[in-house]
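*Asks:* Sequence:
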Amino acid sequence: IIGDVIAIIAACFVTVQFLDVPFDVYMDNTLSQVVLADFTTGLMKAAVFGMILAAIACHNGLKVSGGAAGVGKATTDTVVQTILTIVIVDMIFTLVFYQFGWT
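Be aware that the sequence shown starts at 1, since it is given in this note's numbering, and climbs by one per residue.
Read the hints as simulated data drawn from the structure, not as lab findings.
We put the beta carbon where it would ideally sit given N, CA and C, even for glycine.
Some clues are possibly wrong.
[Stated by the list, open to error] Cut-off 30 Å, straight-line C-alpha distance, at most; resulting in silico cross-link-like pairs (BS3-like, lysine-lysine):
1) 63 x 45
2) 45 x 73
3) 63 x 73
[What the hints assert, rightly or not] Cβ pair distances, simulated, as ranges:
4) 8 x 50: 18 to 28 Å
5) 98 x 34: 29 to 39 Å
6) 98 x 10: 19 to 29 Å
7) 21 x 85: 16 to 26 Å
8) 103 x 69: 40 to 50 Å
9) 81 x 21: 15 to 25 Å
10) 58 x 96: 19 to 29 Å
11) 23 x 54: 32 to 42 Å
12) 10 x 59: 35 to 45 Å
13) 40 x 66: 36 to 46 Å
14) 70 x 11: 42 to 52 Å
Using the sequences and the accompanying hints, generate a full structural model.
*Replies:* Put into structure tokens, the structure is as follows:
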């Protein structure tokens with residue numbers, strides 16, 4: 001939610017300062033386009049992505065062997081596996097949200 005608010009404030013600043021769009025016009029357009037589903041789907045995705053990251057990190061961290069080199073390899077494996085998994089799960093979320101009309 002904090003990221004969403006910061007993004008709206010930053011977009012407002014850029015739009016008003018550099019594109020010469022009046023503040024009230026920006027706010028009217030933004031508020032007419034932003035719906036509660038935007039925030040709820042974002043929160044759901046954040047929770048699932050956090051659980052994915054934690055599960056992969058714990059799994060790789062608990063099977064480390066080989067000292068510091070093993071920790072480095074496990075960390076790299078965790079990053080790669082997490083990014084790949086989150087991209088795939090995000091695609092699934094997008095398909096599901098699109099089917100329900102939440103996009």
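*Asks:* Going through the earlier hints one by one, which of them does the structure break, listed in rising order?
*Replies:* 5, 7, 9
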